[in-house]
Every structure is written in structure tokens, then in C-alpha cells.
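Protein chains: 2
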Amino acid sequence: MGEASRAEGGGEIAFRPDAPLILDSGARIEGLALAYRTFGALDPDRSNAILVCHALTLDQHLAGRHPATGRPGWWSSLVGPGLPMDPARHFIIGTNVVGGCMGSTGPSSIDPGTGRPYGLTFPVVTIADMVRAQERLVTALGIERLLAVVGGSMGGMQALQWAVSYPERLFAAVCIAGAARHSAQNIALHEVGRQAIMADPDWRGGNYAAEGARPEKGLAVARMAAHITYLSEAALQRKFGRELQRDGLSWGFDADFQVESYLRHQGASFVDRFDANSYLYITRAMDYFDLSAGRAGGLAEAFAAARDVRFCVIAFTSDWLYPTAESRAVVRALNAAGARASFVEIDTDKGHDAFLLDEPVLRAAVGGFLDSAALARGRA
Amino acid sequence: MGEASRAEGGGEIAFRPDAPLILDSGARIEGLALAYRTFGALDPDRSNAILVCHALTLDQHLAGRHPATGRPGWWSSLVGPGLPMDPARHFIIGTNVVGGCMGSTGPSSIDPGTGRPYGLTFPVVTIADMVRAQERLVTALGIERLLAVVGGSMGGMQALQWAVSYPERLFAAVCIAGAARHSAQNIALHEVGRQAIMADPDWRGGNYAAEGARPEKGLAVARMAAHITYLSEAALQRKFGRELQRDGLSWGFDADFQVESYLRHQGASFVDRFDANSYLYITRAMDYFDLSAGRAGGLAEAFAAARDVRFCVIAFTSDWLYPTAESRAVVRALNAAGARASFVEIDTDKGHDAFLLDEPVLRAAVGGFLDSAALARGRA
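In order, the protein sequence lines correspond to chains Z and E. Going by my numbering, the final residue of the first sequence carries number 380, and the count climbs one at a time with no gaps. Going by my numbering, the final residue of the second sequence carries number 380, and the count climbs one at a time with no gaps.
Don't read these hints as lab results, they were simulated from the structure. Using N, Cα and C, we set each Cβ at its ideal position, and we do this for glycine too. Watch out, some of these pointers could steer you wrong.
Below, a sample of chain E positions facing chain Z; criterion: calculated Cβ distance under 8 Å [to be verified]:
1) Arg181
2) Gln195
3) Ala199
4) Asp200
5) Pro201
6) Arg204
7) Gln245
8) Phe257
9) Leu263
10) His265
11) Arg284
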């Protein structure tokens, strides 16, 4: 392998103000910027590009070191030498979604019209809007057709949306622990998080950045509530059970149990790396997500134009946030639309966040699917 | 049926300050008061008394009209003429737990030592402490041996605790949608609620009552988070799906979806009827609950002294808060201890709160069990 195969790239790409991003709502974002990071090199025939879409609170730093935390990228189990997405073979692109807070334009960005942070004047974006912005980046990188769009959780929703919005621009799509719509329970769980943030007086009606405040307590509560949904009951029990932090109970409201201490830590560390308004906007985008909306023929109709895309749908048995039934519904609709769809249900008790763990069956499933997609595309 | 059979009674019972309630923590409550309500009349042989224990946010108003809301009692599906617990046949006692906020001594009560509301100076209570207080009430009512202790959710935990703490004082115990310990996930979910309350600046370190404030926003968030756990994913989906409040999306953070509006209503109406510190104390009691704690022989050892009590354990298949596996563990331990235990697993998709609904199978199970217990006790 030469240097090029290990090349890393990326940074920020800003689109011209006279080419605004027109959103599903009808609103527009002028001077859209997207933060991205690439691993590996684009082949001369430009056929080895994989776009990786991130989940709610993640970012473009899917491999390598995270510049803020110094920790390995969030998908180091799937992206790296010898792994399913290998910089020696693939040109892997990670990008922060529009609405995010890791460099892409979002509610914490400066509104060019006012010179102040957008706050709640930022327009509501959708999963389709995130994909719309990504399509611009992919085009700017000179890629006509991606080998694959791959994502877990909200990233999986984006992979499905890519196939619906731009079927001719991708050869394959991998949706892991995702869904084609947010359920009532999904919406309810997100609403709790939003209400926790908006209940914090330091949220200041969304204007905290301009006023020098930070709704840290509310954001921490939102994160704690969400974090429970990322794990299974069995995983929490195995990891923590009823183990105490110290000998004996405090007979008070300190963190007596290890699981309490763990949750508090999850909340406290989250507020250091994430913006509260981005949390509102991205959860809203997920809640608005429903690929079958407005289609009399439902999900199968949505996938009709994507019948030439190869799909791999992966679900985890203990994922109660996006249960396997949601993935099965996607596969049924893909079958009805005449698309090629592999379905892998992985038996694990690790819950939703299994998509981020080093699961051998997941690695094998993604690796096998991407290799066969490359082969079908005529790559050795 | 004469007037006596429909008699209602109750009020507040205050115990003498020189007979304090000694708690599991070693702390004591002087001048303990318990609010209670009774339905029906105690038979001359005092063999028809049923103590009903309430869940986290409920109270002594299990039947009749609730004095604050004017709505029917929370167990009107099981308590009433012709129902499993019938004031014409039974003397039914409901009482607000110690630590509660519906008339029993709790953190919002006036500390006789200071003349101000206890707030966080109120001692942490346990499920066993709640039962300890109830035993005093039962004794004061002249009842040597209850026909049954019946409860759902936290009430079911109290029913099990009664059998362990005072096996000679009850003939039968009915535990519905309960457990013998709080799991890591149960603790985690409660901790989110507590953190939401304590994050509210109007909580004032627990001193809000003395300072004329109310942590309404934090308490509402805690309630919203908890309420989701009381329903199943399927029930939420059937009830609300992705139905909108109005035609079209708001493209903002209003309650677009009916499930959001429903949750907000649950939060807002809860703060009118419940005290935030009581929420902290009662959730803490539940988290501390583990009948097998400190027993080398586990749960079976805990139940060893209760082998003469007849048990009925009822669980709902879609209850993910206290899954049927927890009830099965209780039944296995009862069997190992040599106690009589009926187990009824009710197939429903209505989730944990099914114990509050008019479920014919639940009604039949509770009714059949109580009738056979009465028969075994020699009542016709």
C-alpha cells in the first residue's frame, strides 16, 4: 500500500451564497458549509467512494482520531485497514449533517443576514435536506455514483433516503439499526429530550449562544434519557445490575448505584461536545422522517425508483428503539418494489448501540455485502 | 345489600409522637400521619379486609370519586359492586404511602421540629418502611390478619414486602405488574426523572415549598419520561401513530404530533397533583427495593417465612418496565420456598399500565384468586 491509500482529507466546503440549499420546508440556507473528512483515495474511475452517514450525536470523524476528544473515530470497528470499509481500497467520506454542530451549518452558526447565531431562526431541516446537502458535497468531490451509502440509526435513515432521492447516484445502500419512519414511541422519546432542553432557563428561548449562556442541565437530562434507549435492558443489567458506587446506600440522592453514576457521566460529558439547539433540530428531522408519507402506495412506492440499488438491511434483536420489525417492513417494501435486498438480523442482547460495537457478525455482514457490491459493479 | 355494605370511611390517622416509626435507615419519623380511605364494612369476624397498595403516583382514592380531580378512583375496574374487590363483601383499605403527598407524612409535610416543610431533611424511606407504616394502620383498624394485600406496580412490590415482613398478618398477596427488585434499567429511568427535577432551578435544593417556588418544568419532564415507560410501543403506535395535531407540519418545535401533545398534557396535569420531592423519595424507595438483598439464599430465602401466604402473581406480556421475566423469577422463588403461587401471564399489547385498565382477564384472575382465598379461609 502506498501513501495515497492511507491518505486523509477533508475540511470544510462552503457553497456559493447564490446557490442556496432549498429545504423541504421551502426555506433556504445561503452559504451552506459542510464539514467533512475523507479516508483513502478516489480511484481513477471514481467507483470506490463510500459515503458514511452519522447518527444523531455523531459526526464526520468516523475513523482516525477525533480532534476534540482524541479518541478513535466512532466507526473504528468497521472503517480501517482490513475492515469492511478500508482506506486502502475505498474512498470513505464522512460529513457532519446540516443542522449539526461539528462544522456544518446549523443553529449555532452565524446567520450571515444578522451576524448573530441563528438559534431558533435556523430553518427546520429534514433527513431529505441532510441528504440534499450531502449530494452537493459528493458532486463537488467529483463523484457521479457512489459505491455505497452506509449508515447506522439516523445514518441508516439517510442511506434509505439517498436511494429514494438520488437512486442513480448510488450503487448500494446499507441501513443498520434504522427505520423508514419514526414511530410514536420514537417521537415521544425525542419530545422528552426537547422538553428537558427547553425547560432549562439557560436555553433562553434558543438564544443562549448570543446571550452567553448554555442549557447544560437540560441537555444532560436529554442525553441521559436517550442513552437508556441505546442499550437493552439485559445489557444494562449485565453491565451494572444493582452494583453500588460505594459500600452501602447513601440514604439520599447521591449516585448510589453504578448505573446512576454512569448515566450522570454520559450527561455531563455530552454537554461538552454537543450543542443543545442542534439536538432539537436533528431530533426534529428524525421525527419528521417517514419515507411513505404522502404516497398512496406506501413504502414500496417510495422505493420504486430505487429498484436498481442493492440494499443491505441489518437489525439487532434487542434494539427496542428501532425494533427489527421496522427493518423487516423496509425489506418487505424493497421486495415489493422489486429491489435486491439482503436482510441480516443479528442476535445480540446489546441493544441499539450494537451498531457502534465490534460485532463480528456485523463486520462480516457489511464486509460481505460491500465486497459483493464492488464485484457486481465490476471492481475486483 | 344494606347501607353498611356501601359504607365509606377513612381520613387521617396520626400516631403518637412517642411511638415514632423507625425506618430501615435508622432514622425515625415522629408523629407519623397516614391518609387512608375505606370502602365497605369490616365483618364481625374481621376476616374480609383487603389492603390495596398504590403505585408511584397514585393514592388512597382507589374507588369512589377523587376529591381533587372529581374523577373515578384509579382502580374502579377492580373495586366496586360486582367486581373482584366489592364493598358489599370486602372491607377495602387504601392508604397513601409514607413519603407521599396525598395526606400521609412526606417531604412536603411540616417538620414538627422546625415548623417548616421537611424538604430534603425528610428521611429516605423504603418499600419496607411504607409497609411498616401500613401495618400500624391495619392494627389501628383492629385487623389482625388481612384477607389479602393487593397492588400493582409499586403496589405489587408492597404486597410482596408485606408477605416477607409480616407473613402472619395476611392470608394472601396479589402482585400485579411488579417485581422483587428494581433492575438497572428501572433505576436508570428513575434517575432521569430525578435529575430532571433537580435540574429545575425552582427546585431550590429541595426547599421550594419554604421558598414559595415549584419545580413544575422539571417535574413535568420527569413525568413525560416515565409515562412513555407505562405504555408499550404498540399501544403508542395504535393510539397515536404519526397523526398530526393540525393539517401539515409546523416546521418548528410546537407539538406537531398528537403523541407530543398527549405527553405535554401528561406532564402539565401531573404537576397540579403531585409533589416533586415526593417523586424523588418514592422513586428512591423503589430503586432501593431488592427483596433478595443481603440473603445468601436469594429471593427464595426471603420468601421462606411466607410459605403459608397464598400468592397470585400477574404480569403483562408487553410490560417492558417490569417484564414478565421479573414476575417469573418471583414465582420460581415462591415455588422454591414452598409457597402456593398462581401465575397469570396476560397477553396484551397495552404495556405496564394495563394493570389500571378494564382488562377482563385481569378482572377474572384477581376475582378468582380472591374468591378462592376467601373460601380457603372459610368464608362462603
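Comparing the hints with the structure gives:
1. This hint holds: arginine 181 of chain E has a C-beta 7 Å from the nearest C-beta of chain Z, less than the 8 Å allowed.
2. Look at glutamine 195 of chain E: its Cβ gets to within about 5 Å of chain Z, closer than 8 Å, so that hint holds up.
3. Hint on alanine 199 of chain E holds. Least Cβ distance to chain Z is approximately 4 Å, under the 8 Å limit.
4. With 8 Å as the threshold, the beta carbon of aspartate 200 of chain E comes within range of chain Z, its nearest partner Cβ sitting at about 7 Å, so the hint holds.
5. Against a cut-off of 8 Å between C-beta atoms, the interface hint on proline 201 of chain E holds, since the closest Cβ of chain Z lies about 6 Å away.
6. A least Cβ separation of about 13 Å between arginine 204 of chain E and chain Z goes past the 8 Å threshold, and the interface hint is therefore violated.
7. Among the interface hints, the one on glutamine 245 of chain E is violated; its C-beta lies about 12 Å from the nearest C-beta in chain Z, farther than the 8 Å criterion.
8. For phenylalanine 257 of chain E, the interface hint holds, the least distance from its beta-carbon to any beta-carbon of chain Z being 5 Å, beneath 8 Å.
9. A least Cβ separation of about 6 Å between leucine 263 of chain E and chain Z falls short of the 8 Å threshold, and the interface hint therefore holds.
10. At its closest, the beta carbon of histidine 265 of chain E sits 12 Å from a beta carbon of chain Z; the interface hint therefore is violated under the 8 Å criterion.
11. Interface hint status for arginine 284 of chain E: upheld, as the beta-carbon distance to the closest one in chain Z is roughly 7 Å, under 8 Å.
Comparing the model with each earlier hint shows violations of hints 6, 7, 10; every other hint is respected.
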